[in-house]
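**Q** Next come the chains, spelled out residue by residue.
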Amino acid sequence: MKYILCLIFILSIGCREVKEAPANSEADLDLQSFIVKPSPYVGDESLDVFLAHPWYSYDQANHIIWPVFQLYSLKTDGAYFKIQVIDYYDSNAAPGNYTIRIAREGEPPYEVSLSAQGCGNVFTNPDYDSCTQDPNRNVYTYFDVSTGQSWIMSDFEASQNTEWDIAFNGTSGKINSGESGPGSTRIAPLYLYQGFFPNGAADFQRLAQISFGDKGREIFNLDLNLRNIPFSLPAGVERVVNEPDWLISEDDGFSAKSSNWWIVKGSDGNSYTKFRVLKIEEEESGNDIESKITLEYAIQTKNSVSFSTLREWTLPLISSGTRLIRWCLDFDTESVIECSESGHELRFSSLSRRGRRQWRFNVSLGAIGPIDNEQIIDWVSAPQD
Amino acid sequence: MTVILSFFLGFKGLMAQNLVTTEFRDSIVVTGEREVQSGLIDAPVKVEVLNEEYFEQQQYQDLAEGINDIAGVSTQESSRRAGSQSALIQGFGENSVLVMIDGTPVSQNSSFGVDLSQISTSDIKKVEVIKGGASALYGSQAMGGVINIVTKRPTKKTKASLQVSSLQPTGTSEGIIANFQGNAQGSVFGIGAKMSLSVRDQESLDLDKNSLIKDDVDYSKIHGSLYLKKDFGLTKVFGQYIGLFGKTISESSRPISSSSFGVSRNVTDSTSSNIRLGIEREFENGNLRALVNREITKDELALNDNPNTPYTETIKTTDFEAKRFDLLYRDLKVAGQNLTFGTLVKEDEVSQETINEAVAGTVVRTLDIDQKKIRSYEAFVQDSFFIGSFEVAPGARYQYDDNFGSYLSPKINISHYYDYKDTSFKTWATVGTGYRAPSVKERFFTLDHTSVANYIVQGNEGLEPEESLSFQLGEEVRYRQSSLYVNFFLNRVSNLINTVEVETNTSTRIFSYENVEEVYSRGLELGLKSRFSERLSGLLNFSYTETVDSETDLLIANRPLYQAMGSLSYSFLPKWNSILQARYTGSQYSDNENLRTSPSSTNVDLKLNYDWNKNLRIFSSLTNIFDNAREPSQDLVVPSTDFRSARGREIFIGLKASIL
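For the record, the sequence lines run as chains A and B. In this text, residue positions in the first sequence follow the working numbering: the first is 1248, and each later residue adds one. In this text, residue positions in the second sequence follow the working numbering: the first is 10, and each later residue adds one.
If you are wondering where the hints come from, they were derived from the structure by calculation, not from laboratory data. Treat each hint with caution, since some may be false.
Examples of chain B residues toward chain A, derived with CB under 7 angstroms [said to hold, decoys possible]: (1) Gln-211; (2) Ser-261; (3) Pro-264; (4) Ser-268; (5) Val-272; (6) Leu-472; (7) Phe-551; (8) Ser-596; (9) Gln-597; (10) Asn-601; (11) Glu-602; (12) Ser-649.
By construction, the Cβ of each residue, glycine as well, lies at the ideal position given by its N, Cα and C atoms.
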């Protein structure tokens, strides 16, 4: 018996405990962990942000659209807004009923409800297939982030309307620019919490916790720079230095839209140039038009912390009699070089055909813009990657 | 503990020889005596027994209620099946505990193991438990232990009885449980016959009408049996039918959108029919028994059904059939040896189908498993002999499986008996090895669990068998009408089959079964019982069990470290008996990462039994007097980890009448 009591004693020393875990340990977010890196430079490639950086993840097993609390920065009419979709359903679990959290830069957030069911889905709409073919029913809901006003209109009407900024139809979204509208709205993914995607797949349990918790408010309240991010080109816009942003085309010729600036990444990746098209002077020469483009620019070299003083650079004459011109511009040497050579930041092309002239600027590594005259004053130095 | 021991043993002067029927002395028995017929026959190994009288005194209606009264044995809700209770012995659960009725396994290898709450006490003569992989006589499922239910046998005299009872929570009119039990036995034309029927019906319980989730399930459970036997001199022929039918409806809630919950209804409908035919022959030197057994289980699960749609979204059907032939010779006495040996052949077959209807009228049927079979052959021998005051019982079990080949599991048990004046001592030490081939569930089943957790469990045909090593070391002291035993145990299972997450590119999490390195359980069990006076007796059980993943050194989930039960029985008037019982369940982790916990609980019950006359007994109890219950369930994304019952304080009342 004494041996047994001894064993009891030995065992009792080594007894384990069930310890209470800290409360809400699973709901805590490590917000330093994010997916979108705020590199602001974008290349000459259009991107559907809502496809590349969706605001939701579909839980196929349960047929639930879970918001992933993706933060977007929306730029419209020179103002910046932080936007986050926080719900896709109304209180009756009907889909297509958005709740969106919005804050103008530096101002407190507000939430808006937006019904954008479009044709719904195969589960909610028995007539789904025919509805999607009907442009009068398969419509977006359009929203003006500045005024909070919303409209339902056809795609064609929207393409003529400058008032709206962002629109939704079911889970699809679009902004007023490029092929969707006449505006110059831009949108960029600002922040996506990486903890929602362990191993690259959505953790619906975690998303559900936040959806039924603060609905991403903690994420929304992060102090993030709404400007220093890549406002990718919308569908239908092929170049970051987009023609309508620097070129005014009228019956009597071209003129410069000098109110917009761009910051272009240097060919070595370590220098930057800010520039604008300062003026375009045109003269008729026989049957041709001769044009002179003057750029205004400043360079921030590799070891500099700010841009140099502004300089002007007038490009060689462009004649409409020349069918194709392709110049590669090296700001460091203020020279036009062969495009096969490295060192250029911009490539200019001019195509004249049957009296129709087309001009383009393409960037080599990426650019930020357009930035208006007021804002460019603040950019005393180029943002780094 | 020494204080408690002194307290109990100090009552020796009050003990009397004449026992009334309501005391505990013989109702929980630790035995080394040989059991008869369908009982466990592994004599030297410690067998703990709950008998018919004990179940009746304690007013237990099903086995799940009573089995907790053995130290080291507990129950837990079966995974993915609400309202179903499976056994844990020394930390090992439903796949490692062999449950038998009259010596033959029931519902093994079916989809969810054995639901102990479906086995009515009405047909139980006694329940025997062997802990740890101590015995060679029981097969692959017995790594954690063996539970054998010995059913009642026909009597020559015709008898019939009826029992009705009801359990009602005090705080609500919902959740009523109604029980009916009927038994009849006798002999007609020399054929002994016994029939029993038990019907249990529970209403659902919803304590918070503002939430969608309900606090307890709605179920109906039927347990019926028929036993026939005919003696031809020394030869006995018998047939037995056991039917278990159960339907359980549970309603929980789950997100149906990113901001609202909907009802998720799970309906489990299962039928299990077990038919046996046997012949038993007594010889001058031993006894031969042959048995054929066929078990057919049909299982239909409606998973996460949305009750607002006119169709069932997902139905999973499982057809399981087990065939088995046992041949057993026992008590062959040769040169001071007592030999028992036998063999068995068995075949399990399973088919499984999933029927999905995500959109009304579009039904997709998927045959997940098409008549998969596992065949195995086993043979065993167990000896026992005395060397002085030592009883040595070596044994071995040979198993052959179609897929995994042969395996031999040796075991040995040594017991020492010693008497000193009025005190007798028994010391035992057991070393047993175990072996379990993966079940059909682990190898082939697919289980969709498409709640918010969004996961699927799928079988793994590449699993390896589990192997175990079990040590038991115990001491029992009997002093007049008191006894105390302490048992230390250490069980190690390597290649333990556990659920793990499989890496996947999809958003749906997929879990499968995989062999994990090693799990061990260790701890102690303590049982103390004493008769203090003619009217007063008591028992106390305590267990400490830690079940640990050796690789992570973390405790396995859903296993409380500490459990204790104390009970005092007092006959304050002739024909009256009262029982005051307290049960403690320690806190436990609810996940294998040891991050979430379920709190401890203590329930106190007061029970009254009144024998009106020899044909009528009335009984009643107030259970969970202090209303220790978890909060009403809420609609939550992360399920509550509070495993305590929501039912709280309840009143139980019933009567049993002998009508023949």
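**Q** Return the status of the interface hint for Gln-597(B): holds when the least beta-carbon distance to chain A is below 7 angstroms, violated otherwise.
**A** holds (6 angstroms)
**Q** Quick check on Pro-264(B) please, does its C-beta sit within 7 angstroms of some C-beta on chain A?
**A** holds (6 angstroms)
**Q** Taking the least C-beta to C-beta distance, is Phe-551(B) closer than 7 angstroms to chain A?
**A** Given a least distance of 11 angstroms, the restraint on Phe-551(B) is violated.
**Q** Does Glu-602(B) pass the interface hint, meaning its C-beta sits closer than 7 angstroms to a C-beta of chain A?
**A** Nearest chain A Cβ about 9 angstroms off; hint violated.
**Q** Holds or violated: the hint that Val-272(B) contacts chain A, with Cβ atoms closer than 7 angstroms.
**A** Result: violated, 12 angstroms to nearest chain A Cβ.
**Q** Quick check on the hint: Asn-601(B) CB to chain A CB, less than 7 angstroms?
**A** Interface hint status for Asn-601(B): violated (13 angstroms vs cutoff 7 angstroms).
**Q** So, Ser-596(B) near chain A? Judge it on the closest CB pair being under 7 angstroms.
**A** Holds: closest Cβ of chain A sits about 4 angstroms from Ser-596(B), inside 7 angstroms.
**Q** Next item in the hint list is Ser-649(B). Is there a CB on chain A closer than 7 angstroms to its CB?
**A** At 13 angstroms from the nearest chain A Cβ, Ser-649(B) fails the 7 angstroms test, so the hint is violated.
**Q** Interface hint check: Ser-261(B), Cβ to nearest Cβ on chain A, cutoff 7 angstroms. Holds or violated?
**A** It is violated, given that the least Cβ distance between Ser-261(B) and chain A is near 13 angstroms, above 7 angstroms.
**Q** Answer holds if the nearest beta-carbon of chain A is closer than 7 angstroms to that of Ser-268(B); otherwise answer violated.
**A** holds (5 angstroms)
**Q** Let's test the interface hint: is any C-beta of chain A closer than 7 angstroms to that of Leu-472(B)?
**A** violated (24 angstroms)
**Q** With chain A as the partner, please determine if Gln-211(B) meets the hint condition of a C-beta pair closer than 7 angstroms.
**A** violated (29 angstroms)
Hint violations for this structure: numbers 1, 2, 5, 6, 7, 10, 11, 12, all remaining hints satisfied.
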